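Asks: Here is how the chains run, residue by residue.
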Amino acid sequence: MKTINTCAEFLAYALAIEEEATERYTVFAEQMETTNNPEVAALFREMARLESEHAHRLEVAAEGESLPAIDPWELDFGDEDPPEAVDYSATHYLMTPYQALTLVLKAEQRAVDFFQRVAEGNGNDDMKQLAAEYAAEEREHVEKVAKWRNRYPPPDDNWDDDPDPPNELE
Amino acid sequence: MEEHKDRASSSISIALIGSGGAGVMTAGSMLLEAAGRAGLFGIMTRSAGPQIRGGEAAAMLRLATFPVESHDNEFDILLAIDWLNADRFRAEIPLGTQSLIIGETDAEPPQAFTDSGARTLELPLKQIARETDGGRENMVVLGVVCSLIGLPLEPLHQVLESLLKRKGQAAIDSSVACVDSGAAHTGKHQGSYQLSLSSEKQCDLWNISGNEAAGLGAIRGGVRFVAAYPITPATELLEWMAPALEQVGGILVQAEDELASVNQLIGASFGGTPSLTATSGPGLALMTESIGLAVASETPIVVVDVMRGGPSTGIPTKSEQSDLNIAIYGLHGDAPHLVLAPMSVADCLFTTQWAIHLAEKLQTAAIVLSDQNLGQTRAIIERPADVAFVSGRSIQETPMEGYQRYAVGGNGVSPMALPGTAGCQYTADGLEHAPSGIPSSRAEDHRQQLDKRRDKLVNHDYGDHWALIEGEGEFAVITWGSSLAPVREARAMLLSDGIDIRIIAPRLLLPVQPERMQQALAGVTGALVVEQSHGAQFFHYLQAFYPQKFEFMSMAQPGPLPIRPEQVVADIKTRGKY
Amino acid sequence: MDQTSTSTAALKPKDYKSDTKPVWCPGCGDFSVLSAFTKAMAAMQLDPERVVVISGIGCSSRIPAYLNVYGFHAVHGRALPVGIGLKITRPDLTVMVAGGDGDGFSIGGNHFMQACRRNVDMTYVVMDNQVYGMTKGQASPTTEPDWERGKLTPHGTRINPFYPLVIALASGANFIARASSNDPNGAARVITEAVQHPGFSFVQILSPCITFRPEQRDWKKIVHPAPVVATADPAVAARRLMTDDNFFIGTLFKGERVPFTPEFEPRAESAHELETAFRMSA
Chain A
1 MKTINTCAEF
11 LAYALAIEEE
21 ATERYTVFAE
31 QMETTNNPEV
41 AALFREMARL
51 ESEHAHRLEV
61 AAEGESLPAI
71 DPWELDFGDE
81 DPPEAVDYSA
91 THYLMTPYQA
101 LTLVLKAEQR
111 AVDFFQRVAE
121 GNGNDDMKQL
131 AAEYAAEERE
141 HVEKVAKWRN
151 RYPPPDDNWD
161 DDPDPPNELE
Chain B
1 MEEHKDRASS
11 SISIALIGSG
21 GAGVMTAGSM
31 LLEAAGRAGL
41 FGIMTRSAGP
51 QIRGGEAAAM
61 LRLATFPVES
71 HDNEFDILLA
81 IDWLNADRFR
91 AEIPLGTQSL
101 IIGETDAEPP
111 QAFTDSGART
121 LELPLKQIAR
131 ETDGGRENMV
141 VLGVVCSLIG
151 LPLEPLHQVL
161 ESLLKRKGQA
171 AIDSSVACVD
181 SGAAHTGKHQ
191 GSYQLSLSSE
201 KQCDLWNISG
211 NEAAGLGAIR
221 GGVRFVAAYP
231 ITPATELLEW
241 MAPALEQVGG
251 ILVQAEDELA
261 SVNQLIGASF
271 GGTPSLTATS
281 GPGLALMTES
291 IGLAVASETP
301 IVVVDVMRGG
311 PSTGIPTKSE
321 QSDLNIAIYG
331 LHGDAPHLVL
341 APMSVADCLF
351 TTQWAIHLAE
361 KLQTAAIVLS
371 DQNLGQTRAI
381 IERPADVAFV
391 SGRSIQETPM
401 EGYQRYAVGG
411 NGVSPMALPG
421 TAGCQYTADG
431 LEHAPSGIPS
441 SRAEDHRQQL
451 DKRRDKLVNH
461 DYGDHWALIE
471 GEGEFAVITW
481 GSSLAPVREA
491 RAMLLSDGID
501 IRIIAPRLLL
511 PVQPERMQQA
521 LAGVTGALVV
531 EQSHGAQFFH
541 YLQAFYPQKF
551 EFMSMAQPGP
561 LPIRPEQVVA
571 DIKTRGKY
Chain C
1 MDQTSTSTAA
11 LKPKDYKSDT
21 KPVWCPGCGD
31 FSVLSAFTKA
41 MAAMQLDPER
51 VVVISGIGCS
61 SRIPAYLNVY
71 GFHAVHGRAL
81 PVGIGLKITR
91 PDLTVMVAGG
101 DGDGFSIGGN
111 HFMQACRRNV
121 DMTYVVMDNQ
131 VYGMTKGQAS
141 PTTEPDWERG
151 KLTPHGTRIN
161 PFYPLVIALA
171 SGANFIARAS
181 SNDPNGAARV
191 ITEAVQHPGF
201 SFVQILSPCI
211 TFRPEQRDWK
221 KIVHPAPVVA
231 TADPAVAARR
241 LMTDDNFFIG
251 TLFKGERVPF
261 TPEFEPRAES
271 AHELETAFRM
281 SA
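Order-wise, the sequence lines are chains A, B and C. For the first sequence, the positions run 1 to 170 when the numbering used here is used. For the second sequence, the positions run 1 to 578 when the numbering used here is used. For the third sequence, the positions run 1 to 282 when the numbering used here is used.
Just so you know, the hints here were simulated from the structure itself, not pulled from any lab data. Watch out, some of these pointers could steer you wrong.
[Unchecked claim] Reference listing, derived: stretches of chain B covered by chain C, where coverage requires no fewer than 3 residues with Cβ under 8 Å from a Cβ of chain C:
#1 214-222
#2 404-414
#3 424-437
[As the list claims (entries may be wrong)] Here are some chain B residues the structure puts well away from chain C; computed CB gaps all over 10 Å:
#4 G20
#5 R37
#6 R88
#7 E131
#8 T186
#9 V248
#10 S261
#11 S290
#12 I326
#13 T398
#14 W466
#15 E474
#16 I499
#17 S554
#18 A570
[To be verified] Derived CB-CB ranges, DEER-like:
#19 A242/B <-> D160/A: 23 to 31 Å
#20 N85/B <-> R279/C: 35 to 43 Å
#21 K188/B <-> R279/C: 49 to 57 Å
#22 E256/C <-> P38/A: 34 to 42 Å
#23 V408/B <-> D160/A: 37 to 45 Å
Treat the numbers as computed from the prediction; the structure is a model and nothing was measured. All residues carry an ideal CB built from backbone N, CA and C; glycine is no exception.
Put together the whole structure using the sequences plus the hints.
Replies: Quick look at the structure:
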């Protein structure tokens with residue numbers, strides 16, 4: 001993983017992470033709305049809202065700062081998937097809230113890990129303190145989501161059974 | 001022989017035959033051009049064997065003091081440089097007892113021609129040519145014909161000068177010598193088929209083919225993009241357009257097939273460039289799916305189908321009006337579109353230009369049904385009048401809140417935003433769509449868009465251009481396209497017997513114009529439908545879309561032979577109408 | 001990394017998305033490709049109204065309507081000619097063509113080859129899932145010969161799969177790359193490079209069909225970055241393709257073939273001048 005040195009660099013990374021998370025949760029919410037899974041849709045909507053709030057708070061925090069413009073592929077997370085972003089291939093139209101929140105949980109945990117790694121890395125002290133704050137905040141999220149997930153039962157074995165075949169369109 | 005024509009005629013028909021290498025096509029073209037320079041009208045058509053080189057060929061001309069659009073009932077002069085396989089042209093070159101067959105000395109003309117009772121004349125063509133250094137028989141033949149029909153040699157000399165310039169002065173001199181020598185060898189036959197040459201010269205004559213005229217009409221109508229795939233007999237239209245488009249800032253692209261060419265048009269037109277292609281039956285068949293896309297996505301395109309004998313590969317070099325059905329009914333789904341048909345060489349210009357205008361104005365696909373007869377006939381015509389039809393597409397030029405590409409209402413034509421216009425981004429779609437363009441399979445969206453695409457065509461006022469209507473009689477002949485010319489000559493023949501018929505020839509075949517047709521048929525008690533198709537396609541079309549209290553009669557003849565005026569006259573008479 | 005400040009006027013990926021929700025199955029790789037398109041457009045800061053995305057028929061061909069740019073959803077297999085007609089007459093636009101493996105390599109196979117040959121400055125993105133999804137799971141040109149779950153080929157296709165990168169190279173494409181939907185950022189980078197490279201750019205994106213080819217979820221573990229950078233030498237590219245296992249990710253070829261850019265300069269004052277060729281000088 002590439003070293004993040006300055007606060008501006010860190011904020012650019014953090015903003016990219018939150019925006020990516022917002023985009024994906026929005027896409028997933030739309031997927032579930034389209035495939036008539038309203039409970040999971042609402043859950044992803046809520047996640048999208050939370051992430052966009054984060055992104056907004058970051059934008060406010062970065063106001064006046066000159067953030068580096070980083071093309072998405074220049075973001076370097078080591079060998080890991082982008083933190084806080086659930087993989088596009090992970091959703092399913094019959095998925096249950098428990099499964100959705102499990103995905104969220106893993107993504108949030110990756111965010112904790114990422115911020116923690118940056119906080120323990122080689123950058124300047126102001127930046128490392130900022131990263132530690134973000135790690136702490138994400139840790140709270142993890143706990144919150146874990147509790148949230150506990151409200152739902154795990155899926156049964158045949159959760160993805162669909163007696164009907166897929167539709168033909170064109 | 002001398003007594004054959006004691007007075008000058010207004011029209012003379014000449015056929016030149018020879019094997020590959022004899023140069024009869026070149027001679028025919030020169031004769032036509034010389035006649036035009038002398039102020040005459042004329043047409044020239046071609047026929048050839050299946051060989052790519054070396055085959056038997058015939059140049060068939062009709063020169064006249066009035067504008068001519070089709071061949072006469074018979075040919076006056078048949079002149080052969082050789083008779084090898086010439087009998088294949090027997091049906092295309094009908095002769096009568098007043099006709100003259102000219103051939104090489106000691107070369108017996110085929111019985112297929114002499115059976116007509118025509119007179120024969122032998123001339124030592126080869127020997128005359130040999131007397132001149134580098135002399136050619138086809139030039140001798142030109143001199144012979146000029147002498148027989150009384151065409152002055154001066155215009156022909158001019159033609160030789162301009163056409164042979166790049167071959168050098170020696171070639172010009174030898175050709176001129178051969179022409180003069182040929183003219184001097186007709187003896188007592190000189191002027192025996194005298195054309196009455198007017199002292200008044202036509203001031204503005206053109207030498208043009210139907211394919212070229214269609215190309216010029218396309219450019220005048222605003223076409224600046226053509227995607228092309230070669231196919232007989234449409235290729236010349238495309239070949240003419242390639243350099244012509246460059247001159248006006250347009251471009252022609254040779255595509256990999258007709259599927260590509262029609263879709264390239266759709267792409268170019270989506271970007272705002274009026275676009276056209278030309279093809280023939282097999283190509284049109286390949287294009288039909290995407291013509292439907294142009295209709296559904298409301299992207300204007302024009303496809304000129306220069307019809308040839310079908311089905312399948314059929315008779316590629318010969319004319320037939322048998323793509324009417326595919327043009328009218330060939331698109332899948334309910335796909336209202338435009339079908340237009342030029343009815344003369346000159347009209348190829350007007351109708352193609354009009355088709356561009358209509359397609360652009362109504363944002364739909366137009367099929368122009370020309371045919372081999374119109375497309376490949378070279379004619380001396382009066383300069384066609386300028387018409388004001390240009391593209392005139394309705395464009396959304398400024399950003400618009402909530403822009404809907406396929407908005408309904410009004411006359412059904414919704415302004416089209418072109419890429420580059422901010423705030424109007426939309427996706428054109430062949431899937432049924434809502435007014436926004438978003439795909440929709442809802443019944444109300446389908447109905448609304450079907451209505452829109454139909455109404456914009458039906459509600460347009462096409463004016464008097466929809467058809468050509470001539471004559472006053474109670475008996476009508478309804479025809480279309482290249483069949484109009486022999487029908488008009490038939491009317492002239494009947495008129496000399498004091499009989500008038502009414503001719504109705506729709507230029508606009510789709511959308512149909514029931515009110516206008518009803519008006520055109522007012523007072524008519526019977527009608528003959530004349531067309532060049534085996535399946536009587538036009539007859540069935542008329543019965544379906546223009547049903548009348550009286551019954552239509554059908555005169556349907558397949559290609560490759562053209563319909564002759566006397567056939568039409570005979571058909572009308574045998575049916576006991578007169 | 002540019003040290004430019006983030007301007008509020010700068011367009012973000014979401015600004016290139018339309019309000020229309022995709023009909024794709026949740027889990028489909030095409031969602032990632034859609035994201036890659038928007039990221040690439042944002043990276044290049046393209047004016048949305050100067051971009052046109054053209055497609056044929058199939059799941060992935062639905063993509064134009066999901067973007068806030070101009071689009072054309074054409075018929076099956078013919079998107080490339082539509083794009084070529086547009087780009088030739090409107091060189092000012094950024095023209096991208098998108099679709100699937102059936103659309104591009106089967107029904108549209110000849111157009112694919114000819115588009116590579118013609119080398120018009122445009123980008124063709126094929127989302128390859130080795131199956132026809134919209135007609136419920138038939139084998140496509142890139143399907144393995146022994147895949148027996150296609151209902152039209154119950155014993156497998158038993159025919160050789162189509163190899164798009166080889167065909168593209170042999171036919172004259174000027175930029176050839178493979179990306180994976182598992183890495184939308186990487187795909188965005190390749191699309192950006194493809195758009196910016198002159199001539200015809202071809203990008204194959206491995207994009208799993210989780211409904212008819214659920215085993216393709218494993219592609220995530222199989223794909224691996226190509227160990228070398230792009231070459232401009234077709235011979236080098238051809239040699240590399242001989243050892244390609246279909247899962248190398250990266251840009252194979254960035255050529256120097258001259259794009260097809262016809263001139264568009266009027267040479268006569270008006271269409272009337274064309275008449276002179278027909279006029280008889282009596």
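Asks: Determine for every hint whether it applies to the structure shown.
Replies: Going through the hints against the structure:
no. : hint                          : result
1   : 214-222                       : holds (count 3)
2   : 404-414                       : violated (count 0)
3   : 424-437                       : holds (count 9)
4   : G20                           : holds, 27 Å
5   : R37                           : violated, 6 Å
6   : R88                           : holds, 32 Å
7   : E131                          : holds, 31 Å
8   : T186                          : holds, 26 Å
9   : V248                          : violated, 6 Å
10  : S261                          : violated, 8 Å
11  : S290                          : violated, 6 Å
12  : I326                          : holds, 18 Å
13  : T398                          : holds, 12 Å
14  : W466                          : holds, 25 Å
15  : E474                          : holds, 41 Å
16  : I499                          : holds, 36 Å
17  : S554                          : holds, 37 Å
18  : A570                          : holds, 36 Å
19  : A242/B <-> D160/A: 23 to 31 Å : violated, 59 Å
20  : N85/B <-> R279/C: 35 to 43 Å  : holds, 38 Å
21  : K188/B <-> R279/C: 49 to 57 Å : violated, 38 Å
22  : E256/C <-> P38/A: 34 to 42 Å  : violated, 54 Å
23  : V408/B <-> D160/A: 37 to 45 Å : holds, 43 Å
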